[in-house]
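Heads up: the sequence lines are chains A and B, in that order. Just so you know, our numbering puts 50 at position 44 of the first sequence, and the rest follows in order with no gaps. Just so you know, our numbering puts 842 at position 301 of the second sequence, and the rest follows in order with no gaps.
I should point out that these hints are in silico values taken from the structure, not numbers from a laboratory. Just so you know, even glycine gets a beta-carbon here, dropped at the ideal spot from N, CA and C. Wrong hints could be hidden among the right ones.
Okay, the calculated bits of chain A under chain B, using three or more residues with CB under 8 Å as the criterion [said to hold, decoys possible]: (1) 98–110; (2) 162–169; (3) 193–202.
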Amino acid sequence: MKLTTFTKAIAGGVALSAMLTGAALADPAVIYDLGGKFDKSFNEAAYNGAEAWKAETGGNYLDLELQNDAQREQALRRFAGQGANPIVMAGFSWAAALDAVAPEFPDTNFVVIDTVVEQPNVQSIMFDEHTGSFLVGALAAMQSGSGKVGFIGGMDVPLIHRFYCGYAYGARAVNPEIGLTENYTGTTPAAWNDPVTAGELAKAQIDSGVDVIFAAAGGSGMGVLQAAKDAGKYSIGVDSNQNHLQPGSVLTSMLKRVDTAVHTAFLEAGDDATFKPGRIDLGLADGGVDYAVDDNNAALITDEMKAKVEELKAGVIAGTVEVHDYYTDNACPL
Amino acid sequence: MSASRPLPRWADIVLLPAINLFMAFLVSGLVVLMIGENPLEAITVIIYGAFGYGDGFGYTLYYATNFIFTGLAVAVAAHAGLFNIGGDGQAYVAGLGAIVVALALDQTHWLIAMPLAVLAAGAVGGFWAFVPGWLQAKRGSHVVITTIMFNFIAAALMVYMVNRVLKPATTMAPESETIDIGGRVPQLRQFFSFFGYSPVNLSIVIAVLALIGVYILVWHTKFGYAMRVLGKNPTASRYAGISNSRMIMITMTISGALAGMVAINEVMGVQNRLVLDYVAGAGFVGIAVALMGRNHPVGIALAALLFGALYQGGQELQFVIPAVTREMIVVIQALVILFTGAMEGLFRPALERSFMLFTPEQKAEAIAVSSAKTEG
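Please build the complete structure, drawing on both the sequences and the hints.
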């Protein structure tokens, strides 16, 4: 009898302490991909989302930068073991690691951006990069006086081809005769942060007659924006609103709201009541991707251009305008 | 009469590296102090993270496995007077050999798949080093330049192969199909639960065999002797009837094949698929490992363990002390490379002098030299 009370007390104590530690440690966590936290692009957008959450709620969050692929599972187990909830991952390379770790921690909610993992406690957020790129492609074609538009990608990976394919479709939708030039900064991860090479590629494109260039190249895009500004041509930014970087030269930016996604995940995914597992596609309809108009480029986007692009946008949302998704067949049939 | 005398062997291979390592940690400690953290706590975390528990130790060994292969690759070439900077590229393309064999045989058994994959990865990695070797031997194109250029060719080739050939249409990430269980190298954790979830696998056995093999090859075979003669003096080796160009090509191929073993560890042991940039700079760390290990297998094993510990301990540090960023860890690793590699000789003159003072028969001579200096 005594023993039972004692065990009960212990059990109660354990349960209580588990609850306490659970409550104390249920901070959200974000893990950045190999590009690093401050890549001026994708990972930084995730960081900004986390910071926005922190400023809004006053809460604390955990974050980690990876150094190599082998650390993915290690980092996930570590954060999940510490009781972090939810755990948000940014990047398309997480699929295998998360697929292995998620079943080990059924009570932890995971959110992964840019890839799909089918587990009951994982939310996969995908952005329709192709439709966002479609709109900026249309704007590029309308702005171009030479009838040639360019694209400069970062590392030569499928995700960036998805951007290009949408862009090309958008340009062709406005002007079926438009000339398209496609270049990639490199084949190693250094390509995400090589503004010099990207700038030289932009100059080469400009020399060949291109007058609007879309830079989907992470930190390398800075070089493209600068080169276009120097030559008096136009550029298009990516991921976050980059219109302010070279006002008057940046025609628009293709917004990919990774920051909002992380922010929302931090707010909602920690609680099972609001957590929505499964695949979520963020597209034009919900503002997950869009083109940016602000004071810096209001003068560049004429009412006529705006009317046309809004018409296309409505068409894409309604399904009457078709944009090819590179992911469906790994090809871009133009 | 010489003012200095070579250090005793134990001081050269134990004391000097220890002093260098101590200095590296001292300066790293100052850096940690500068960002307002406790350096003693940081070092404790690094050591605990690398050796203190099964998972951590497993990760240390996993990193060390890679560094042993790339360190040996650099060392073998160095014995023949060749500086192979291309370990990264050789290890990278070797992944092609490993993945093709692993995917083809993943319905059989690892005892069949692994040896064949070792051969295939070695062949591809070896070929990637053979070409610069051939260019050096026949055309005089310096191997330092060509191997570095081959790293970039490797990166471009692999992006093409992974994105356009190996990637299944259904995956979005640039990676090959996943290898089924039969093509995977068994994890040590399957035999010892001590290692927790760490990715250390049977490739470490290949690494140990490679260490022994290189020792025998370099010091106990005719070929190894010829290699070392070439390294010490190409003119003498030519005079002795050794074909220098043949030696260069064979040595580079062996070097590349050793680097290629990284693919076994990474592709078949850890990732179970071919991903972009899986080498993650191990080829370059191999240079530091070989330099620190004095191109000797025992030294390389210890240096590889040290760098493995730094990688894993550094990761632990990020978890425990969030103020220490990824860049800080690179700084600490770089300081170790700087002190044990580039500035390896920093304390040698001082150490040599102090050793002379403590040797009776040299003491008088040393005093005579230093007084002659002050008088002169």
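Here is how each hint holds up against the structure:
1. As drawn, the region 98–110 of chain A meets chain B at 4 residues by the rule of a beta-carbon pair under 8 Å; at three or more, the given contact holds.
2. Residue count for the region 162–169 of chain A with a Cβ under 8 Å from a Cβ of chain B: 4. That meets the three needed, and the coverage hint holds.
3. For the region 193–202 of chain A, the proposed coverage by chain B is satisfied: 3 residues have a C-beta within less than 8 Å of a C-beta in that chain, meeting the threshold of three.
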